[in-house]
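Asker: Starting from the given sequences, assemble the full structure and let the hints guide the process.
Protein chains: 2
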Amino acid sequence: MDQRLRFAKELTGPLRIPPGSEVDLSRDHDPASTAGVRRKEADVLLAQGAALLAGYQDRLAAQDTYAVLVVLQGLDASGKDGTIKHVLRGANPQGVLISTFKEPSAEELSHDFLWRYQRALPSRGKIGIFNRSHYEEVLVVRVHPGLLAAEHLPEPARGPDVWSRRYREINDWERYLVDNGVRIVKIMLNLSRQEQARRFLKRIRHPDKNWKFSASDIHERAYWDDYQRSFSEMLSKTSTSWAPWHVVPADHKWFARLATAAAIVGELADIDPQYPVPSPADRAMMAQAAAELAGG
Amino acid sequence: MDQRLRFAKELTGPLRIPPGSEVDLSRDHDPASTAGVRRKEADVLLAQGAALLAGYQDRLAAQDTYAVLVVLQGLDASGKDGTIKHVLRGANPQGVLISTFKEPSAEELSHDFLWRYQRALPSRGKIGIFNRSHYEEVLVVRVHPGLLAAEHLPEPARGPDVWSRRYREINDWERYLVDNGVRIVKIMLNLSRQEQARRFLKRIRHPDKNWKFSASDIHERAYWDDYQRSFSEMLSKTSTSWAPWHVVPADHKWFARLATAAAIVGELADIDPQYPVPSPADRAMMAQAAAELAGG
Numbered sequence: 000m001d002q003r004l005r006f007a008k009e010l011t012g013p014l015r016i017p018p019g020s021e022v023d024l025s026r027d028h029d030p031a032s033t034a035g036v037r038r039k040e041a042d043v044l045l046a047q048g049a050a051l052l053a054g055y056q057d058r059l060a061a062q063d064t065y066a067v068l069v070v071l072q073g074l075d076a077s078g079k080d081g082t083i084k085h086v087l088r089g090a091n092p093q094g095v096l097i098s099t100f101k102e103p104s105a106e107e108l109s110h111d112f113l114w115r116y117q118r119a120l121p122s123r124g125k126i127g128i129f130n131r132s133h134y135e136e137v138l139v140v141r142v143h144p145g146l147l148a149a150e151h152l153p154e155p156a157r158g159p160d161v162w163s164r165r166y167r168e169i170n171d172w173e174r175y176l177v178d179n180g181v182r183i184v185k186i187m188l189n190l191s192r193q194e195q196a197r198r199f200l201k202r203i204r205h206p207d208k209n210w211k212f213s214a215s216d217i218h219e220r221a222y223w224d225d226y227q228r229s230f231s232e233m234l235s236k237t238s239t240s241w242a243p244w245h246v247v248p249a250d251h252k253w254f255a256r257l258a259t260a261a262a263i264v265g266e267l268a269d270i271d272p273q274y275p276v277p278s279p280a281d282r283a284m285m286a287q288a289a290a291e292l293a294g295g
Numbered sequence: 000m001d002q003r004l005r006f007a008k009e010l011t012g013p014l015r016i017p018p019g020s021e022v023d024l025s026r027d028h029d030p031a032s033t034a035g036v037r038r039k040e041a042d043v044l045l046a047q048g049a050a051l052l053a054g055y056q057d058r059l060a061a062q063d064t065y066a067v068l069v070v071l072q073g074l075d076a077s078g079k080d081g082t083i084k085h086v087l088r089g090a091n092p093q094g095v096l097i098s099t100f101k102e103p104s105a106e107e108l109s110h111d112f113l114w115r116y117q118r119a120l121p122s123r124g125k126i127g128i129f130n131r132s133h134y135e136e137v138l139v140v141r142v143h144p145g146l147l148a149a150e151h152l153p154e155p156a157r158g159p160d161v162w163s164r165r166y167r168e169i170n171d172w173e174r175y176l177v178d179n180g181v182r183i184v185k186i187m188l189n190l191s192r193q194e195q196a197r198r199f200l201k202r203i204r205h206p207d208k209n210w211k212f213s214a215s216d217i218h219e220r221a222y223w224d225d226y227q228r229s230f231s232e233m234l235s236k237t238s239t240s241w242a243p244w245h246v247v248p249a250d251h252k253w254f255a256r257l258a259t260a261a262a263i264v265g266e267l268a269d270i271d272p273q274y275p276v277p278s279p280a281d282r283a284m285m286a287q288a289a290a291e292l293a294g295g
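Those sequence lines, one after another, are chains A and B. In this text, residue positions in the first sequence follow numbering that gives the first Met the number 0: the first is 0, and each later residue adds one. In this text, residue positions in the second sequence follow numbering that gives the first Met the number 0: the first is 0, and each later residue adds one.
Just so you know, the hints here were simulated from the structure itself, not pulled from any lab data. Only true hints are included.
What the simulated footprint calls covered on chain A by chain B, stretch by stretch (three residues with Cβ under 8 Å from a Cβ of chain B suffice, anywhere in the stretch; the number is not a length):
#	segment
1	101 to 115
2	141 to 153
3	165 to 175
Built from N, CA and C at the ideal position, the CB exists for glycine as well.
Answerer: See below:
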């Protein structure tokens, strides 16, 4: 195995949540971990990962059989945007489809809860990124149940078992996707409360970053424990054999980017896309064409 | 119970396929049946059904909790377009969303097989009609496996169990929809081979109907038995408690329309949508507004 690939696999493995395990984020997962990687190696390793990714992406498009969907979740300031920027530099933008999900529109709210995410899926040969995703429907909506708009939902979709029902529905949907060629890489950027405060302060103190800060960021911090609990249950219930979660320590941005690149590269390596081999008829056609072209 | 509604329920019941039953279309279902209804009653009964439907539709929109999805399947000339036209006259067009599915585009083909159907779902308060539907993916695609485009599919989606897998995936998806408020009425218009021939001849002999005829119609007749088998298995495997199939005898157009209207009205009656009751605060606001308006 390629040495860079082995490194990616070894980095990713311990971050993966085994299906069926009981996750307690604040107890079991250190947001400041760097898994023994040193800061000064990180740039070279990330550049290697990005190069590997670009090569795989080219074959993924040529083979035209699989898509890769990267699901990126994490609290405000956990580094989602920066991770996308740094991990996908070097990728062919034509083969990447990035979807950011903010507050749903009235049109989206009046459909079933997975509808807007299904519409945004990458087609075969592409890498899709969900910057926030269908998991918001069991995170922010769970922390703020008013967002469920329960007065418009039929009984099964708003009763006491709505969250376990949604976990099951999400798992079923993801299994369907994987079986039909959309492979899924789920990344949770795990940030500490202290590091979030530091990043917010930076946004307030640097005029160029002011636009990134809003009053709701502070408001949401009051729900920190609720979010930790919702994330923990989500990780416990929706890390499946077909689409496992990775909890990526995010207090060090350089490490979060490296680990995310490693997880994506690892999935691409499992797919192992190949350039299609031309049929004998294709070869004959090309030989003919080459002869004509050479003749001017 | 309203007498018109009782009639609709009594007409629909025997057409419904019990979940888990083994269907043999050509053996068990007579396309020429009219279930004891006489031709001369039909117009009045259909007008009554259309009026009931319009009333329910108004409350469905006001309640804004459920959508109804009508899935209409049937061979060429089985009367799908005419049924839609006659059953929905009287309905408010703003609350109806009709989607016709023909050959998929390249963009649609490069997504998972349910993708284009998910995009076309009705929002809450609306009645959606699928004129042909996701069931084509286990009908025409099964009869002509070349349409599967298997060379672009990953193993699970093209292996020997692709059809049973698709039945399961469709059932899972429909269960999710029903639980989230999209109620489903599935109608299979069951036409005899002889009546199809008569209708094709009519299309060939009447200049105004020529446009409805194409050479592929005759070509597809060669696959009659394959279609009967595929329909039979589809009905056996995807008639579920949450979304049962109705096999509607379609040799008599007037009967097919009446029975389809009855099935839709029956589902709307089960939903039993109600106008929202204003809250005390709403009432006070309206009393205030009325006083101001009356004062000029």
